Amino acid sequence: MDLNGSQMVVEALRKENVSVVFGYPGGAIMNVYDEVYKQDYFEHILTRHEQAAIHAADGYARASGDVGVAFVTSGPGFTNAVTGLATAYIDSIPMVVISGQVPISMIGTDAFQEIDAVGISRPCVKHNYLVKHVKDLPRILKEAFYIARSGRPGPVHIDLPKDVTAQVGKFEYPDTISIRTYKPTYKGNARQIKKAIDAIEKSKRPVLYIGGGAVNANAAAEVREFAEITGVPAVETLMARGVMGDDNPLLLGMLGMHGSYCANMSMSEADLMIAFGARFDDRVTGKLSEFGKHAKIIHVDIDPSSIGKIVKIDYPIVGDLKNIVSEMIPLAKEKINPTQYESWRKLLKRYDEIHPLGYKDTPTVIKPQWVIQRIGELLGEKAIITTDVGQHQMWAAQFYPFDRPRQFITSGGLGTMGFGFPAAIGVKKAIQDKISINITGDGSILMNIQELMTAYESKVPVINIILNNGYLGMVRQWQTFFYDKRYSSTDLSGAQPDFVKLAESFGGRGFRVETKAAFDEALDEAVKSNSVCMIDVNVDRLEDVLPMVPAGGSLYNMILEHKD
Amino acid sequence: MRRVLSVIVTNEHGVLSRISGLFAGRGYNIDSLTVAPIPETDFSRLTIVTSGNENVLEQIVKQLHKLIPTYKVIESGEFVEKEMALVKIPLNEDFNGLDAMLKAYNGVIANSGTNFIVVMVADNANRIDDFLKAIKKYNPTDMVRSGSVAMDV
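Heads up: the sequence lines are chains A and B, in that order. When we follow my numbering, the leftmost residue of the first sequence carries the number 1, and every step to the right adds one. When we follow my numbering, the leftmost residue of the second sequence carries the number 1001, and every step to the right adds one.
Note that these hints are calculated values from the structure, not bench results. All values reported here derive from a predicted model rather than from experimental measurement. Just to be clear, a hint being listed does not mean it is correct.
What the hints assert, rightly or not - Take a look, some chain A residues computed to stay more than 10 Å from chain B by CB distance: (1) TYR37; (2) HIS127; (3) THR181; (4) ASP247; (5) GLU269; (6) ARG406; (7) GLN432; (8) ASP524.
What the hints assert, rightly or not - Partial pick of chain B residues on the chain A-facing surface, computed with a CB cut under 8 Å: (9) SER1006; (10) ASN1011; (11) HIS1013; (12) SER1020; (13) GLY1021; (14) GLY1025; (15) GLY1027; (16) ASN1029; (17) LYS1062; (18) GLN1063; (19) ILE1068; (20) ALA1110; (21) THR1114.
Unchecked claim - Stretch-level coverage of chain A by chain B, calculated; a stretch enters the list once three of its residues show a Cβ under 8 Å from a Cβ in chain B: (22) 112-123; (23) 297-306.
C-beta atoms are modelled at their ideal positions from N, C-alpha and C, and glycine is treated no differently.
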């Protein structure tokens, strides 16, 4: 079948069962958009900024587990997309982004809207391509999807010159792909697995340290089963929230900079860490020389370069987490008696009783943590939560009752403000029978506020809940603790938009909330409205996220009390 | 610690910048880097001389492997390793002893002009260092040195 480059893109997306593409047209990608117009295989959602298109595709991918897809044009269209690519790359999110490029004959001439896109994207994608000839395009499209979703997932970028989108060639879409130089390891080494089980059997104070890889590998059921049959208590990273389910008695909560006292103490006192798809991020480890000082470490990861990158690993196992945990389960059943860690679990429970995760509620002012808990009480498993970045993100991770993976969607590695709202649009497109809630701050929401228009036009009901404290709250918190309260450029209270009117001017619904009762009403009405909403909640201005491990501090030295 | 890596990659657009970008982006050292296609294949071979401790070296190898076009990273074992240097010496110098020196360093006279000769040596890196020091007594006007090429044996 002979097709031009643009038709090939559309055909490939159909063959990959892509149902929605996010994007923004422009000169260099116009031929592709012309084919998008003519087809009805997939829906196209016009975002109002390219960064938002990538975040929306990212949210779609995180919620569904499928590959997210976005189109952008050359030059500024592409450079706007870079933050989205970097966000997806560091969190290992499968995505294919196709950017327009000036015609091949003009590459390198500083043409209108020309930029070296593959040069810019190289460090923030899993792989990228500049398509030089239409004959390569079907293979490149197939490879891009394959690379994005296989091994350690990640974004793949295809830079597509305008003349290639018009060239005609044979469209033979390969059924399978085999790249000689790219063979991810899926099966774990049997001897290593056995050694790891022996190490667990011999340990007295083991902890499961669960990372985002458990989500990417769809291994939550196996990880839960493994925890239950062994009786090993578990901690979750930010990226793994929901894997164990918050009502699971073996879950000690989130660990790291804003982890629970109990979770962090378990890591500090463990004699064995069982890291499942976690990458030892500095926000998790704190001071490295003190991290897991008494522990041997088992590390299961699909990416060999993750193993041993930060800490020395005693039992490395490379492969797919779902496969490996499935192989560990029968061996563990044979060897490990879940009662053997009873005194360890009791000790950890005691830690949780001494310093439980909590806050002091008051009747006079709304506490941000209360808002999160309340959303949880009212919507619970019916909602999928996205967040932006800052205090609200940490409170959401701490206080929302997550019961499954892919229910909490947040920019973990890059910490991208402006992620939450467009991601929530992608989430809603992926999982239509759930309520898409973006928990955000008065700082973050303004970073992609124009997406109100996207949500309105495309009829994607997303509820933005702004925990409005009139500050860039997390930076303000650091200034309180470490900069002697010099609030340099963090007080936003003097210059804020009217979020209600703002929402309304984009066709959405706005609610201002100053009492707890008003919050319940607003949320109820927002859910019923089935339109894009902003709920602007006035919360306690000076609330801090606690506990806190100061950057570079050790996990067992937590700030537990508010500093007045 | 100085280490030599021989990296086989698919010979495709932008692959060299992927490799050098990886080193730059992650703060690894490159002492020298040479690259050329492998005859009758669609692969290229890079010889990278780098330095770092064991952990850094392990990461370099893993990160190189992680690049999609990387086929093989040969890191250990015995290498035959050679560098090349070209040195331009004015004809009005006294060449007494030059022949013996060239002989000692696998050198030849590669070219000669009306005002100069060019000598070429190929040897391992520290021998090239020595040679470039020794040749100074002929007051060379130009010296060019290549990166390493290495073959595992």
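Checked hints:
Under the 10 Å C-beta cut-off, the non-interface status given to A/TYR37 relative to chain B holds; the minimum distance is some 31 Å. Consistency note on A/HIS127: stated as away from chain B, yet its beta-carbon is not over 10 Å from all of that chain's, at 5 Å minimum. Separation of A/THR181 from chain B is inadequate, the least Cβ-Cβ distance of about 4 Å not exceeding the 10 Å criterion. At the 10 Å boundary, the C-beta of A/ASP247 stays outside the reach of chain B, the nearest C-beta of that chain being 38 Å off.
The claim that A/GLU269 is not at the interface with chain B holds, since no C-beta of that chain comes within 10 Å of its own (minimum 26 Å). No Cβ of chain B comes within 10 Å of the Cβ of A/ARG406; the nearest lies about 26 Å off, and the non-interface call holds. For A/GLN432, the shortest C-beta to C-beta distance to chain B comes to about 34 Å, beyond the 10 Å cut-off, and the non-interface label holds. Every CB of chain B is more than 10 Å from the CB of A/ASP524 (nearest about 49 Å), matching its label as outside the interface.
Checking B/SER1006 against chain A: minimum C-beta separation of about 15 Å lies over 8 Å; hint violated. Look at B/ASN1011: its Cβ only gets to about 11 Å from chain A, farther than 8 Å, so that hint breaks. For B/HIS1013, the interface hint holds, since its Cβ comes within 8 Å of a Cβ in chain A; the closest pair sits about 6 Å apart. Interface restraint check: B/SER1020 against chain A, minimum CB-CB distance 10 Å, threshold 8 Å, status violated.
Interface restraint check for B/GLY1021: the shortest CB-CB distance to chain A comes to about 5 Å, inside 8 Å, so the restraint holds. With 8 Å as the threshold, the beta carbon of B/GLY1025 comes within range of chain A, its nearest partner Cβ sitting at about 5 Å, so the hint holds. A cut of 8 Å between beta carbons decides the hint on B/GLY1027: the least distance to chain A is about 12 Å, and the hint is violated. Given hint, B/ASN1029 at the interface with chain A, is violated; its Cβ is 18 Å from that chain's nearest Cβ, farther than 8 Å.
Nearest Cβ of chain A to the Cβ of B/LYS1062: about 4 Å, under the 8 Å cut. The hint holds. Residue-level restraint check for B/GLN1063 holds (minimum Cβ-Cβ distance to chain A is 5 Å; threshold 8 Å). Annotation: interface hint on B/ILE1068 holds; nearest CB of chain A at approximately 5 Å, less than 8 Å. The restraint placing B/ALA1110 at the interface with chain A is violated, with a minimum CB-CB distance near 35 Å, outside the 8 Å limit.
Residue-level restraint check for B/THR1114 is violated (minimum Cβ-Cβ distance to chain A is 40 Å; threshold 8 Å). For the stretch 112-123 of chain A, the proposed coverage by chain B is satisfied: 4 residues have a C-beta within less than 8 Å of a C-beta in that chain, meeting the threshold of three. For the stretch 297-306 of chain A, the assignment as covered by chain B holds, since 3 residues bring a beta-carbon within under 8 Å of that chain's beta-carbons and 3 suffice.
Going down the numbered hints, you'll see the structure goes against 2, 3, 9, 10, 12, 15, 16, 20, 21, while the others check out.
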